[in-house]
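Engineer: Protein chains in written order, with my numbering: chain A, 1 to 310; chain B, 1 to 324.
Don't take every hint at face value.
In silico DSSO-like pairs for lysine-lysine, Cα to Cα no more than 27 Å straight-line [to be verified]:
(1) B/LYS244 / B/LYS172
(2) B/LYS130 / A/LYS216
(3) A/LYS216 / B/LYS125
(4) B/LYS172 / B/LYS32
(5) B/LYS308 / B/LYS298
(6) A/LYS46 / A/LYS95
(7) B/LYS10 / B/LYS32
(8) A/LYS39 / A/LYS95
(9) B/LYS83 / B/LYS125
(10) B/LYS264 / B/LYS306
(11) B/LYS10 / B/LYS308
(12) B/LYS264 / B/LYS298
(13) A/LYS216 / B/LYS172
(14) B/LYS306 / A/LYS216
(15) B/LYS244 / A/LYS216
(16) A/LYS216 / B/LYS82
(17) A/LYS87 / A/LYS68
(18) B/LYS172 / B/LYS256
(19) A/LYS216 / B/LYS308
(20) B/LYS125 / B/LYS63
(21) B/LYS63 / B/LYS130
Worth flagging that the hints you see were computed from the coordinates, not collected in a lab.
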Amino acid sequence: MLRFIASRLLQGLFVLFALYTITFFLAKAMPGEPFTTEKNLSEESKAYQRALYGLDKPLLHQYLIYPKNIITEGSLAVSTSKGRPVKDIISQSFKVSVILGLSALGIAICIGVPIGVISAVRRNSWVDWGTMAIAMIGICVPAFTIGPLLQIFIAANLPGIKVAGWGDPQDILLPAITLGLSTAAYLARLTRGGMLEILSQDFIRTAHAKGIPASKVITRHALRGGILPSVAFIGPAFAALISGSFIVETIFQVPGMGQHFVNAVISRDEFLLLGVALFFGFLIVIMNLAADILTGILDPRVRITGSSPK
Amino acid sequence: MPLLEVTDLKTHFHTRNGIVRAVDGVSFSLEKGQTVGIVGESGSGKSVTCYSMLGLIPMPPGKIEGGSAIFDSINLLNCGEKKLRQIRGKRISMIFQDPMTSLNPYLRIATQITEPLHLHMGMSKNRALKEAIRALDEVGIPEPETRIQMYPHEFSGGMRQRVMIAMALITKPEILIADEPTTALDVTVQKQILDLIKERQRELGTAVVFITHDLAVISEVCDEINVMYAGNIVERAETGQLFKNPRHAYTRALLKSIPAMHAKGDELYTIPGLPPDVSQPINGCAFRPRNELGERNKCLTDQRPKLKDTGADHWVQDCPGCLA
């Protein structure tokens, strides 16, 4: 088991390095430079700034010094647009995004999985068709439509719920719903597919033949296998949810991490861009690993050998 | 009074392509400790007959159109799901064709095998586990104490079928329904499993309904044989009698197609054509188009032939073209 995790982490390191390389050169290929602004800066002050951030060094030097600083000092450099360490920016905004993402994931699981199970059990009934139609809509309708709709119909009518803003606990609600709904819809469809697959298996018939009540056949015999596709999906989806969403953060004025993915590009802030991209890559690697481990726990056939005592 | 008496059972499936009359008027009975075989080609309605009795037919599309199945003065076909559940898996158990897929791959053997004990006997966890280890020992699983904590994929096909048998018999049921229990197994393992079923049956006094398409298997285990064709029983007799003196043309054709009945080098006999499409109503003798051994032109065409007793409890469908 430990060997499996170690080898996956090593693979992840290569993935991250490849991601770094691609992002680094793409950032360099962007037109302009961090200090091109509307204000006409003098050449001297631009040169001073470049030297300050180490951007006057040869390209290869810059390419190598960044990862070296991560390893030796744990430093992600300093944001050229904000003048603060990228690490501080990420850690501050990530706290917000984790709260929002976890709530969104909770909503997605609480809505998506039960709906998927119910529509699989009642397949080809109006419940099935109805929920799957709604799920399809949930996948198709973008957050920038759902968000404002929630603002208009819920925030404007319910006292205590603000249209936008971040500070009170109840401020989490609307952005979390907006963020979680499409994930809920995907989960519903994946769970339904997984459950249908399992419910047609012979061992379900065996379970019925043993006289087990139908509800227990579903929870004890079918659910474990039925949610496997969802588990594989939740890993990367979770990484995406907790790293923030530019659209949802903009609509609801949430100081999360998603804004930096866009703003870093606009302000040609390559250190911030590298920082959030690498951090996101890191989350994806970890969450995929977690999903694989969880799959192994649920399905003994793919369990990593050598871990359990023989 | 027989232990189980099935009378005129009709199970139909209402599909998009019409009504599939999978079982269309089947009657048979089972005495305590007896082994009754149901033999027939794929799609003849053998399995549906047994699934109907236990309420394992998916409804819809399936529907039990008529008949009764009396077990201990309870009609299994209309006693309600709750009452049926108390019988299913406790007093009537089932084992299935493919042991590779009939056990839940996500749960330990221990969890699955103790389930009927918790459910039907209200046994405590420890006692149920002890009982389950004993049951595995009785079906010949070596080192049952350690094997019971494993998962199905760590067992071979034959071993899994042994687990299925142990699980089915753990509540000491009065009836065991075996739905082609040896079809998916190696020939060498088949014999072991048949012997095991017979041995356990002797010890527990269980009656067995044995479904198969393998005549060699059925001749070995059954006291009485029902031959099914297109949702009907066409012939029923005591095993020795049926093999010695088959009366219906279908039974004769089946027996003639056993490879061991041929001299070495002979071309094997096969029944021509395919079983009839039961989604179309069949008026007259269902076997008529494939009848080579009898006289096809004498087969009934206006009504389905009824079973009649030709003496010595040997029942045959009364069709002049098929009877011999």
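Engineer: Decide, hint by hint, whether the structure agrees.
Structural biologist: Evaluated hints:
no. : hint                : result
1   : B/LYS244 / B/LYS172 : 35 Å, violated
2   : B/LYS130 / A/LYS216 : 24 Å, holds
3   : A/LYS216 / B/LYS125 : 18 Å, holds
4   : B/LYS172 / B/LYS32  : 13 Å, holds
5   : B/LYS308 / B/LYS298 : 18 Å, holds
6   : A/LYS46 / A/LYS95   : 34 Å, violated
7   : B/LYS10 / B/LYS32   : 24 Å, holds
8   : A/LYS39 / A/LYS95   : 34 Å, violated
9   : B/LYS83 / B/LYS125  : 25 Å, holds
10  : B/LYS264 / B/LYS306 : 38 Å, violated
11  : B/LYS10 / B/LYS308  : 19 Å, holds
12  : B/LYS264 / B/LYS298 : 34 Å, violated
13  : A/LYS216 / B/LYS172 : 23 Å, holds
14  : B/LYS306 / A/LYS216 : 43 Å, violated
15  : B/LYS244 / A/LYS216 : 49 Å, violated
16  : A/LYS216 / B/LYS82  : 14 Å, holds
17  : A/LYS87 / A/LYS68   : 15 Å, holds
18  : B/LYS172 / B/LYS256 : 38 Å, violated
19  : A/LYS216 / B/LYS308 : 45 Å, violated
20  : B/LYS125 / B/LYS63  : 38 Å, violated
21  : B/LYS63 / B/LYS130  : 41 Å, violated
Of the numbered hints stated above, those contradicted by the structure are hints 1, 6, 8, 10, 12, 14, 15, 18, 19, 20 and 21, listed in ascending order.
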